[in-house]
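J.: Sequence:
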Amino acid sequence: MQQTQDLSVRGTLALASALGHLFGESIPATIASFFGPRGLRLVLNIATACLVVSLPFAAVSQSDTASATTIADRAPVAAISNFADDTGARAQPQSRGMLAGTRSLVTVAAADVPEIPKYVVKKGDTLSEIAASYGVNTDDIAYANGFADDGINVGETLVIPPGRGALYIVKPGDTIASVASKFKVEQAAIMTYNRLYFEPEHFAPDQLIFVPGADVPAIKRLNYGTIGNVAPNQLPASTGRLAWPVNGVITQYFWWGHTGVDLAAPYGTTIGASDDGVVVATGWVAVGGLRVCVQHAGGLMTCYYHTGAVFVSPGQTVVRGQPLASIGMTGVTTGPHVHWELRVNGVYVNPLLY
444 MQQTQDLSVR GTLALASALG HLFGESIPAT IASFFGPRGL RLVLNIATAC
494 LVVSLPFAAV SQSDTASATT IADRAPVAAI SNFADDTGAR AQPQSRGMLA
544 GTRSLVTVAA ADVPEIPKYV VKKGDTLSEI AASYGVNTDD IAYANGFADD
594 GINVGETLVI PPGRGALYIV KPGDTIASVA SKFKVEQAAI MTYNRLYFEP
644 EHFAPDQLIF VPGADVPAIK RLNYGTIGNV APNQLPASTG RLAWPVNGVI
694 TQYFWWGHTG VDLAAPYGTT IGASDDGVVV ATGWVAVGGL RVCVQHAGGL
744 MTCYYHTGAV FVSPGQTVVR GQPLASIGMT GVTTGPHVHW ELRVNGVYVN
794 PLLY
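In this note's numbering, the protein residues as written are 444 to 797.
For the record, the hints were derived by calculation from the structure and aren't laboratory data. It is possible that some hints are incorrect.
[What the hints assert, rightly or not] The calculated DSSO-like cross-link candidates involving lysine-lysine, where the alpha carbons are at most 30 Å apart (straight line), are:
| # | residue 1 | residue 2 |
| --- | --- | --- |
| 1 | Lys565 | Lys625 |
| 2 | Lys614 | Lys627 |
| 3 | Lys614 | Lys663 |
| 4 | Lys561 | Lys614 |
| 5 | Lys566 | Lys663 |
| 6 | Lys565 | Lys627 |
| 7 | Lys625 | Lys614 |
| 8 | Lys566 | Lys625 |
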């Protein structure tokens with residue numbers, strides 16, 4: 444192959460030289476003797492044109508020869524260099540399209556779903572304290588263990604949710620969409636946490652999954668207490684005017700002999716927080732029965748009396764409208780209602796004005 448290309452180049456150059464001699468010397472001398480100077484100029488112009496036409500062919504042949512001598516020494520195009528470690532630079536382009544790199548071509552597996560912690564109840568423990576130590580909600584632990592209230596026994600083993608949300612055992616007929624709707628979360632939250640994109644078999648009947656951010660039912664509180672005042676910088680900001688705790692009927696207004704507003708509603712109706720705040724007291728008091736008190740920003744504190752069940756614990760942060768308790772008939776009362784009370788810097792005021 445190399446010899447053929449060399450012969451082609453030498454032949455082309457010889458042809459150009461012969462044409463130059465023929466049209467540059469022999470023919471011009473002959474024509475000049477017959478046709479004079481004008482004929483000589485014509486012949487020279489033709490010779491120049493032929494020489495110009497032959498030059499590109501010679502250049503192409505010479506370029507092909509040079510390429511043939513170096514291509515054997517060049518690495519294959521798009522070859523991948525040997526992968527070593529991560530200490531070098533990533534995929535640096537080298538000469539003439541060569542691709543090199545130092546990243547190992549491996550598939551990175553997603554981390555496994557974290558294990559579910561367990562806790563053995565000790566003497567003096569309360570469910571709310573255990574929840575606070577793990578940074579989860581009391582209701583979430585209760586739901587995970589199938590509790591209807593916060594009563595626990597010494598030596599009992601509790602499963603602890605890995606975060607704020609619901610531990611849930613998949614039932615026959617469940618779909619990701621139905622579970623997401625049940626707990627009011629996005630399907631992607633369930634898919635991502637439980638690695639269902641990679642291992643869909645995790646979502647099968649009798650499999651335990653975790654639903655991050657799930658909305659679980661509030662349980663009945665049997666253990667009550669108080670925590671005193673909360674520092675202003677630890678209180679959430681006010682959202683505006685106070686909301687009515689229930690959509691009920693006013694049966695008694697605020698006056699000097701009555702420290703709050705009575706709102707009648709069917710027994711068991713949910714009582715919601717009037718604004719964002721922190722629960723500072725739950726439990727029984729004389730006359731008022733079972734009550735809940737919430738401290739708010741701006742020196743405000745609301746209390747809700749005569750409840751049938753409490754769903755929050757002292758120290759728990761609540762938001763406007765969040766269930767605190769249910770309408771009951773505890774304490775001194777002639778029917779199911781809530782005695783809604785407001786104190787501003789310790790002074791009783793009419794909650795309807797705020």
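J.: Does each hint fit the structure? Answer for all of them.
T.: Do the hints match the structure? See the list:
1. Lys565 / Lys625: violated (33 Å)
2. Lys614 / Lys627: holds (18 Å)
3. Lys614 / Lys663: Cα-Cα ~26 Å, so holds.
4. Lys561 / Lys614: holds (23 Å)
5. Lys566 / Lys663: holds (21 Å)
6. Lys565 / Lys627: Violated, at roughly 34 Å.
7. Lys625 / Lys614: Measuring from Cα to Cα gives roughly 13 Å; hence the hint holds.
8. Lys566 / Lys625: With a Cα-Cα distance of about 35 Å, the restraint between Lys566 and Lys625 is violated, given a limit of 30 Å.
When held up to the earlier numbered hints, the structure conflicts with 1, 6 and 8 and fits the remainder.
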